[in-house]
Amino acid sequence: MSNLKIASHNPGRKLFSSKIATVVVWVTTVIWTIPTLGLFVTSFKADKEILNEPWWVSLFNPNFTLSSYKGVFFGDSSESLSNGVLPYFINSIVITLPATVFPIVIATMAAYALAWIRFRGSDFIFFFIFALQIVPLQMALIPLLLLFTGGAHIGSVTIFPALGIAGDFAGIWLPHTMFALPLAIYLLHNFIASLPRDLMEAAHVDGANHFKVFRMIVLPLSIPGIAAIAIFQFMWVWNDLLVALTFASGTEEVAPINSKLASLVGQYGSGKALFITQRPLKVIHQ
Amino acid sequence: MSEFVSTTITKFTSVFSAIAFFFIVLGILFALAGRANGKKARPIALVIFLAPSLVLLLAGLIIPGIRTILFSFMNPDSNDWVGFDNYTWMLEDPNVKTIMVNTILWILVVPIFTAALGLLLAIMLDRIKHESIPKSLLFMPMAISFVGASIIFKFVYEFRDPGEVQIGLLSAIVEFLGGTPKDWMLSKPLNTFLLMIIYVWTQMGFGMVILSAAIKAVPADIVEASALDGAHGWRLFRNITFPMIKGTFIVVLATGVVGALKVFDIVRTMTGGNFSTNVLANEMYSQVFVQFDQGKGSALAVILFLLLTPILIYNIRSLRMERSHS
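If you read the protein sequences in the order shown, they are chains A and B.
Quick note on the numbering used here: the first sequence kicks off at 12 and runs consecutively.
Quick note on the numbering used here: the second sequence kicks off at 171 and runs consecutively.
For reference, chain A alone in the conformation it holds in the complex:
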């Protein structure tokens, strides 16, 4: 009987005995963690040893130093890292904060409108936005870049002037905001639509308009959903390479750390110098 009771809490039970499951899970976990561990150990090694000694040997022959971290943060003699990566790290923060705040706020507003200010065609718009989720970034890249650099024209008539924000922070915030909207609106709509109807009606009866309901009821109650989506959006922007490569020039002024990492790999190829700077970069990056 007790066996049955446990089974009821664990639908997958009996498929594998608990011992096999424990072994398999832990072996997989160890395998999954080893590459990161290798990076971590390597980041504390001196330049020369990185190239001559496998990291798992160093583990038993510890001779660790912080020189890689020093080089990465404060610059070293190599040309590509003369100022260290701190400027790029700051660029990443500068890009990611607004690129998370803007789409989430705008998407929350749209989700509220689609869920609680019903109108003819609101279902159609919702389905359309849902469908836009699948449009790959690549579909919009070229025309968007042209719009930022050259404006929009029909024939010789300029209908939209060049925004002049290519290679500027605003030129990275805007694409990130645009590309994030479909998924954010869809997820927030699910969340906001499930708020209790009575609450909204009571507020309207008390004379609150949509703006007040949005600020006083919808926003506070949606915080868990908003937070979850914001974390994903933050990670997405932080780890993005395609938008950064396209809309930010690779310079210290605007390029985020991820594109700097990619360009460092490119410069050194699979050459040996790669390892000198890559390891510690990755640790802080994460």
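I should point out that these hints are in silico values taken from the structure, not numbers from a laboratory.
Note that CB positions come from ideal geometry on N, CA and C, so glycine has one too.
Among the hints, erroneous ones may be present.
Said to hold, decoys possible - Sample of chain B residues at the chain A side, in silico, Cβ under 7 angstroms:
| id | residue |
| --- | --- |
| 1 | I189 |
| 2 | F219 |
| 3 | P234 |
| 4 | R237 |
| 5 | T238 |
| 6 | I322 |
| 7 | G417 |
| 8 | F434 |
| 9 | F475 |
| 10 | L478 |
| 11 | P480 |
| 12 | L482 |
Dock chain B against chain A, hints included.
Frame of chain A; chain B shown alone:
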């Protein structure tokens, strides 16, 4: 150093003024529009809530998407029509053939491995003590960017000439087992699969966490009832648990297909698309920003989009079903 400090201050000032400006504009709009009453109040509210999203989607996805389709029928500088030339190029060029084969391999192998491994671990995690420790360790690579993950695996796949000490883990293991290590990134078709491992390594945790949550959400009384009816082990899983988490499993599969189709960072960082590892998304970027051929780049983007439409149709159908039930 002082220059660094001053540019940093400028950068942060621009961030905070941008965010402040954004909220002030919203605040003023809300305050002004909130004063409207009577018949106009509803449409005004609707416009203010919905217009920003619609304008951004129109300018950022819909119009550019249409222009990309038009560009795909134009020359490299997008100022003259060339008919289907950019598409016939794809059929004729042997490189594109390799790219297509690789892309199809990616969308077949990667989602199946990611989802199957995720499901297996989710089931097993459900059966062990202290599950949160392995769970978070397995999920951790998800927080690393593809570029970062590629760098980690460059180290794993590093190769030294025979005779030297192998500092790459893979080479060292092969040597330990008595084999001869080779330059992994140059040996096709193995290299494409080695790149796929990087993707599976980062994304498996996502599938695992979602499937694990789905398994835990299977109602206990259903499982109990079927256990009383004599369903155990594999039968219980196949007939009860799996049908109930099938929807989640398909979501994980579909996410894998979409991600694998758009994979760009890994290929670019590891091989730059050389040695027969190129894929559609990377070739699209190279055509546009290396070869400066907007026509071919756009055509490749359109193919990418077409490959995603089955998922789009499936998603819309299941959303319809979901809505009609509620």
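Outcome of the hint check:
no.: 1; hint: I189; in the structure: 6 angstroms, holds
no.: 2; hint: F219; in the structure: 4 angstroms, holds
no.: 3; hint: P234; in the structure: 4 angstroms, holds
no.: 4; hint: R237; in the structure: 4 angstroms, holds
no.: 5; hint: T238; in the structure: 5 angstroms, holds
no.: 6; hint: I322; in the structure: 5 angstroms, holds
no.: 7; hint: G417; in the structure: 14 angstroms, violated
no.: 8; hint: F434; in the structure: 6 angstroms, holds
no.: 9; hint: F475; in the structure: 5 angstroms, holds
no.: 10; hint: L478; in the structure: 5 angstroms, holds
no.: 11; hint: P480; in the structure: 10 angstroms, violated
no.: 12; hint: L482; in the structure: 4 angstroms, holds
The structure fails to meet hints 7 and 11 from the earlier list, while all remaining hints are met.
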